[in-house]
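Input sequences plus hints: build the corresponding full structure.
Going down the list, the protein sequences come from chains A and B.
First residue of the first sequence? That's 32 in this note's numbering, and the numbers climb one at a time after it.
First residue of the second sequence? That's 32 in this note's numbering, and the numbers climb one at a time after it.
Careful: at least some of the hints might be erroneous.
The list treats identical chains as interchangeable, and a pair is accepted whether it falls inside one copy or across any two copies.
Unchecked claim - Mimicking SDA-like on lysine to any residue, the simulated pairs with C-alpha atoms at most 25 Å apart in a straight line are:
no.	residue 1	residue 2
1	K581	D303
2	K217	A497
3	K219	D402
4	K581	A39
5	K217	T537
6	K581	E356
7	K116	W53
8	K217	D402
9	K581	G561
10	K219	L538
11	K581	E562
12	K81	E317
These are computed hints drawn from the structure, not numbers from a lab.
There are 2 protein chains.
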Amino acid sequence: MEPSLEVAAVECETSPERYRHWVLSFDGPIATLGMDVREDAGLRDDYRLKLNSYDLSVDIELADAIQRIRFEHPEVRVVLLKSLKERIFCAGANIFMLGTSSHGFKVNFCKFTNETRLAMEDASAHAGLTFICAVNGICAGGGYELALACDEILLVDDGNAAVSLPETPLLGVLPGTGGLTRLVDKRKVRRDLADIFCTLVEGVKGRRAVEWRLVDAVYPTSRFNDAVLERARTLAAASDRPADGVPCLLPALEPSVSDAAIVYRHVQVEFDRARRTGTLTVRAPETAQPDTLDGIIAAGEAFWPLRAFRELDDLLLRLRLNEPEIGTLIVKTAGDADAVLAVDRTLAAHQDHWLVREITHFMKRTLKRMDLTARSFIALIEPGSCFAGSLFELALASDRSYMLDNPDREVSIRLSPMNGGLLPMSNGLSRLQVRFLGEPRVVDEVLAESEPFDPMAAMDAGLVSAAPDDLDWDDEVRLAIEARAAFSPDAMTGMEANLRFAGPETLETKIFGRLSAWQNWIFQRPNAVGERGALKAFGGARGRPEFDWKRT
Amino acid sequence: MEPSLEVAAVECETSPERYRHWVLSFDGPIATLGMDVREDAGLRDDYRLKLNSYDLSVDIELADAIQRIRFEHPEVRVVLLKSLKERIFCAGANIFMLGTSSHGFKVNFCKFTNETRLAMEDASAHAGLTFICAVNGICAGGGYELALACDEILLVDDGNAAVSLPETPLLGVLPGTGGLTRLVDKRKVRRDLADIFCTLVEGVKGRRAVEWRLVDAVYPTSRFNDAVLERARTLAAASDRPADGVPCLLPALEPSVSDAAIVYRHVQVEFDRARRTGTLTVRAPETAQPDTLDGIIAAGEAFWPLRAFRELDDLLLRLRLNEPEIGTLIVKTAGDADAVLAVDRTLAAHQDHWLVREITHFMKRTLKRMDLTARSFIALIEPGSCFAGSLFELALASDRSYMLDNPDREVSIRLSPMNGGLLPMSNGLSRLQVRFLGEPRVVDEVLAESEPFDPMAAMDAGLVSAAPDDLDWDDEVRLAIEARAAFSPDAMTGMEANLRFAGPETLETKIFGRLSAWQNWIFQRPNAVGERGALKAFGGARGRPEFDWKRT
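Rendered as structure tokens:
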């Protein structure tokens with residue numbers, strides 16, 4: 032059942048000069064992302080990316096482009112997505128790639144594409160960017176899901192171009208990149224119309240697409256390009272992005288990668304493969320950090336929070352995609368807590384500056400990536416650690432935290448304004464708010480505390496899971512980690528997905544909690560991935576799929 | 032992979048004199064549900080229900096008991112759940128039953144147990160009942176999930192009794208009956224403590240169980256029974272249930288069941304097994320219905336809305352459990368729309384009476400059962416139909432609706448106050464509110480309309496999916512049904528689960544949308560159900576489970 036056609040190791044870093052599938056161009060406040068997928072440049076060579084279909088390599092470039100527009104092009108206010116191919120916008124995720132990928136790869140591929148779409152919506156909500164999707168041809172499946180992540184969808188009315196979600200009727204799976212959720216929850220398409228739409232292989236075009244709320248406007252071919260540009264100019268006027276911001280360039284991270292460890296400047300992981308664990312350490316700033324806007328702008332990407340969280344983000348992706356057997360991550364911090372708190376104060380003080388805002392939202396997205404990583408995280412708060420402010424979020428994002436209670440060696444936790452709502456989870460609440468759903472007053476109490484929390488105070492306040500003394504520490508921590516690593520990996524994934532997201536739900540949590548869970552279910556069903564399943568049968572020599580008709 | 036040890040056909044009707052697993056007794060305002068599972072009286076004879084473990088037969092009796100307490104015992108204000116066995120409260124769902132059941136049966140078993148737990152919470156929220164769980168022994172897995180569905184959990188402190196969710200560490204699956212969700216969302220247990228709790232096979236007992244919010248109080252053995260009774264008496268004082276209400280007895284429905292059809296008094300389904308469809312028809316009242324409280328009380332169970340929705344509820348369960356290949360239901364109504372609307376007016380006018388309230392909430396729960404049934408529903412609104420008021424909810428609950436537009440034959444839709452919020456979905460909104468999430472003003476507009484909606488008006492208002500004329504009707508409807516029946520059943524299940532529940536989320540939608548979807552995923556994984564999976568290995572001769580360690 033599980034094909035072995037895996038790629039060796041995926042790298043998620045890239046840069047525009049290395050893009051193979053997208054052309055990123057700029058015209059004042061308008062950036063254009065032109066999709067022009069190279070058929071022969073996918074991650075593997077046993078499929079071809081026809082008709083602007085995509086695999087992970089295409090989405091890695093898209094994610095990079097959006098990130099660079101935010102940091103490197105502060106003058107951009109509108110991002111225009113279009114296809115550079117004739118009569119085809121995008122055919123969605125490549126079916127042959129999906130049909131021959133392992134279950135785990137499919138799940139992680141969908142998770143990354145979901146995060147990229149949500150990063151676009153995050154930019155719309157928080158970065159002053161507006162995304163316009165100019166659908167200049169057939170827009171199917173993941174292609175339409177990409178459009179759904181934009182603020183406005185403009186469709187050419189040429190008798191050919193249509194939007195569609197043919198996954199269900201054609202492939203026996205779901206539109207897995209948020210499509211179903213965005214239809215009914217974001218665009219508020221009526222559920223019966225959504226039902227009809229999702230079973231129409233040919234999709235919907237022209238006026239009907241507008242009437243059903245599937246697109247925002249249609250234009251005849253002759254007027255399409257002008258109308259799109261006019262709309263882009265109108266929307267650009269409303270943004271608060273600076274025309275004269277200094278670009279913050281994002282150089283390659285260049286980690287040292289070996290079988291034993293992945294080491295960045297501030298972040299590293301060391302593997303204990305026999306125990307299926309990794310020790311992830313984030314270090315506090317070791318050099319002086321700027322505390323003024325000019326200093327931050329001058330430091331650019333080298334400013335510690337941006338650099339450290341870029342490293343953490345890249346590491347989380349490598350762990351997900353390349354290290355599936357490392358099931359448990361031991362989370363540590365090291366260095367000077369005061370240095371972390373000083374940076375936090377600087378970030379909190381300059382939230383109205385576009386670059387500080389971008390850095391903060393990127394830290395937030397990285398922590399969300401951690402929340403959504405299907406690995407167990409156990410934070411160890413030990414002497415020499417610096418679980419302070421934004422780095423304490425790593426402990427809050429962990430499934431458990433252990434704090435050493437040894438009166439001879441100082442260990443403490445400290446909070447900062449960054450714990451007070453600037454780094455919300457995907458449900459919109461801070462990690463402290465979710466932690467104390469049952470005692471909301473505790474959130475304000477711990478945030479108001481100016482003194483460090485020693486182990487006893489941290490336990491009393493509910494900030495850590497346990498605080499063993501030095502006699503018990505080694506055994507208790509070792510047993511917790513060994514036990515964790517011995518549990519069913521699937522049960523851990525399901526348990527964590529349910530325990531991590533208490534409280535309200537959002538489009539984002541619905542996509543990961545409901546839609547993805549159902550898609551993962553379907554991705555295992557013989558009706559989809561069996562020898563005669565729909566995903567295997569599609570376009571192949573095996574003929575029509577054969578279904579087990581039983582409904583569950 | 033799919034064992035064939037299925038039971039022939041499950042019947043979900045029972046009554047107290049036939050109970051094998053529960054003893055239901057009454058003492059004034061306090062009903063006691065004593066769990067005393069008969070090991071040899073499960074649905075199948077290849078497992079034994081040891082230690083008060085349960086299968087569907089146990090839960091069918093529980094659901095019946097709760098329903099009868101609501102209707103037949105208006106004087107009851109507190110329901111006390113306890114075990115009649117020594118030192119064991121309940122060991123949860125029977126593992127051998129789970130390990131040898133088909134995937135579809137496991138999913139439907141969990142769905143029914145979830146609905147039963149939610150019916151308890153519905154009674155707490157809306158019927159003036161309070162559920163106290165007196166945990167007088169080991170309370171594991173589904174046993175603790177049953178406790179979690181109660182308003183208060185009282186635990187004996189005898190050094191033995193503990194609450195636990197050992198599914199993850201012991202069986203490699205999730206607590207699938209709402210446990211994870213209720214821990215963090217209902218009881219607001221801190222996520223790290225929940226994480227530790229869910230991996231402790233032996234569970235948590237005594238004071239720690241209170242400190243972690245897992246139970247509400249603990250009492251020493253000597254005081255336990257008195258303390259429970261005292262608490263029950265205190266809580267009974269607060270209810271608005273009548274001491275002198277006339278019981279509404281619920282007789283057996285006695286449908287005629289054949290291979291071709293299931294026929295009740297007001298409801299029936301006829302199967303077309305070759306096409307894998309069923310035609311479900313609900314008929315309007317055919318005799319005079321009461322319009323006064325005295326009349327309703329005298330009519331009792333024969334009052335049309337109660338009887339018709341009891342029949343529909345029973346039918347939905349039979350379809351789920353016994354007819355997995357009937358993937359598409361064609362939903363029809365027949366009879367006098369005025370008679371339906373008259374009943375609706377009566378119901379709406381007497382919402383402050385306990386019996387009318389019970390009838391209304393039961394209609395609501397039945398419609399929720401339909402929302403959660405993994406079958407495609409297509410409503411056909413034709414001449415002679417009566418999609419009016421509460422019966423129009425059947426069309427709103429359907430995935431699509433087609434209305435015949437033939438000027439020579441009158442067809443209409445009519446709304447009533449019952450469409451205005453008295454029959455909410457599990458997300459708390461009315462079906463009209465969910466339908467018009469994108470245009471909320473339409474909800475008030477259609478509710479204010481006193482005239483019937485003819486096909487044109489219904490299309491204009493957005494009340495139906497399509498209104499083909501008599502020339503197109505046969506082909507369009509036939510093609511829609513044929514196409515539906517030909518799609519992957521799994522893709523339909525996943526698609527409907529995502530499109531039906533737009534809008535806000537509740538504990539209930541989280542349980543079905545997130546927790547159940549993950550559980551269904553895990554229920555297919557080799558790590559759980561493979562030959563060396565945890566569920567198969569448990570308690571058997573196959574030794575410890577062997578896991579594929581890859582995380583997804």
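Evaluation of the provided hints:
no., hint, verdict
1, K581 to D303, "between (44 Å within a copy, 15 Å between copies)"
2, K217 to A497, "between (41 Å within a copy, 23 Å between copies)"
3, K219 to D402, "between (27 Å within a copy, 19 Å between copies)"
4, K581 to A39, "between (38 Å within a copy, 15 Å between copies)"
5, K217 to T537, "both (10 Å within a copy, 18 Å between copies)"
6, K581 to E356, "between (34 Å within a copy, 5 Å between copies)"
7, K116 to W53, "within (11 Å within a copy, 68 Å between copies)"
8, K217 to D402, "both (23 Å within a copy, 21 Å between copies)"
9, K581 to G561, "both (15 Å within a copy, 20 Å between copies)"
10, K219 to L538, "both (12 Å within a copy, 22 Å between copies)"
11, K581 to E562, "both (18 Å within a copy, 23 Å between copies)"
12, K81 to E317, "neither (49 Å within a copy, 61 Å between copies)"
Comparing the model with each earlier hint shows a violation of hint 12 alone; every other hint is respected.
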